[in-house]
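2 protein chains.
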Amino acid sequence: MNQEIIERTVYLVSDSTGITAETFSNAVLSQFDDTIKFKQIHLPFIFSIEKAKEVVSRINQNALDTGNQPIVFSTLVNHEIMNTVRSANGIFLDIFGTFVSNIEQLIGHKSNNSIGRSHNVTNTEKYRNRIDAINFSLSHDDGQFVHQLNQADVILIGVSRCGKTPTSLYLAMQYAIKAANFPLTPDDFERNTLPSTIIPYKNKLFGLSIHPERLSEVRNERRPNSSYSTIEQCRYEVTESEKMMRRDGIPWLSTTTKSIEEIATTVLQEIGLNRRLA
Amino acid sequence: MNQEIIERTVYLVSDSTGITAETFSNAVLSQFDDTIKFKQIHLPFIFSIEKAKEVVSRINQNALDTGNQPIVFSTLVNHEIMNTVRSANGIFLDIFGTFVSNIEQLIGHKSNNSIGRSHNVTNTEKYRNRIDAINFSLSHDDGQFVHQLNQADVILIGVSRCGKTPTSLYLAMQYAIKAANFPLTPDDFERNTLPSTIIPYKNKLFGLSIHPERLSEVRNERRPNSSYSTIEQCRYEVTESEKMMRRDGIPWLSTTTKSIEEIATTVLQEIGLNRRLA
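Residue numbers (the numbering used here), protein chains in the order written: chain R, 1 to 278; chain P, 1 to 278.
One chain only, chain R, in its complex shape (with noise of 0.2 Å):
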């Protein structure tokens, strides 16, 4: 028996980025199964009625060719441009719009209705903390560069491949953490210890650690029939971290099942970190 497949286009129509819509589309949509194919279609940047009346083409020669109506997420704000996109031959979801209007109400005040504010702070504060950032994370990578530590906001340590790079460039870049990562190798568990570079930053070290299974696939990836990919060097280097980890008090997760955002929100809340974007 086959399954119908249903297809969907889905139009993400934004006077910004488009970030917003598409993170929101992105979760929305993933509570549907496999038999629903959606296929979206981003449309940054309409800031005007003349790119909104392309989107309204776009959309009502979809409709025609498909024979369906196409679902219209929009962040557009303008209500003349949202009400130009609105008319289009689709499904039109305004998901800012109920919200907005709920906290108007609540609070007694009303909103700007200003175009494309969450992603358009390049001169602030907060924005150069982001870019310090990511400056700081991306030079305090892999331990190459050791100074200055002690203005690092949180030093993830494990072995190699365990997933610190991708945590630490995440933490720097959505939430201006200064994410220094470290690595545990084969030296230092020979010598027993944590290494010397980051003893004195005890209170800022958080452990990932990784199924030994997992991390010879990944280290095989990269560099296949290696020593250092072998499952018993694997195992070995993971008992070994997690036992150092343990036996510092150093709080760790394991990263085997969790994406890269699931690892930074964990570290975040484990390290009672603020998000400083927020």
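Don't take each hint at face value.
Copies of one chain are not kept apart here, so a pair can be met inside one copy or by any two copies together.
Okay, derived cross-link-like pairs now, DSS-like style, lysine-lysine, Cα gap no bigger than 27 Å in a straight line [as the list claims (entries may be wrong)]:
id, residue 1, residue 2
1, Lys39, Lys53
2, Lys204, Lys243
3, Lys204, Lys53
4, Lys53, Lys126
5, Lys37, Lys126
Simulated from the structure, these hints should not be mistaken for lab results.
Go by the hints and put chain P onto chain R.
Just chain P now, kept in the frame of chain R:
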């Protein structure tokens, strides 16, 4: 005349990372002006009734302490957990609910109500592409590794400190785009030609530029009072790089007033790259 400042606590409650709730909340709240202070409190990983009850206590306590009902943005999916949190003394805004129902009606198909799917996909090809892209962009930052440039989806070029590195990392992190970047230096301007390494990949090049005054500010933060940071040097480099990009027909944009998100979105649009994660 003093303008009254309105303060409100906003809880972001999610069964997963809360990143969607956060992006959404930042966008909606940025529609209000500075006379309203929203204090956002992140409560991720609320995946049990027990945790939901703790959330209720926190919200109720806040309502008591402040004398105002807090705003609760929820991306909870499980009905039992949602109804528990909804019972708290706050204004409960169900971010997904309305839209999921709309789409269910439209396509005649029920959603899964499954928890935290959008940031919980580590073992998929998409996720691996993303990690690969991050590693690629890191190793191809600032022209440091010139092999495998043929695998790049885009190569950003421009003078030192014009925004290439954060943009490359953002493209990789968010969209699994393999974004290399390569500096244009005074040497290139003297030779009056693009760096020979990147000439074979001309169709992948995208240029970033910046106002000389802003560039001088950024460089001065990094290397105060150096010849590298003088306004004269910055004017020279910016003029020459723009001349080179124009002459060689390379698309480019000015980053001066643009956030990382705005630059990345524009690059994606201009070079017509599909968003691999979408």
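- prompt: Tell me, which hint numbers fail for this structure?
  reply: Numbers 3 and 4, in rising order.
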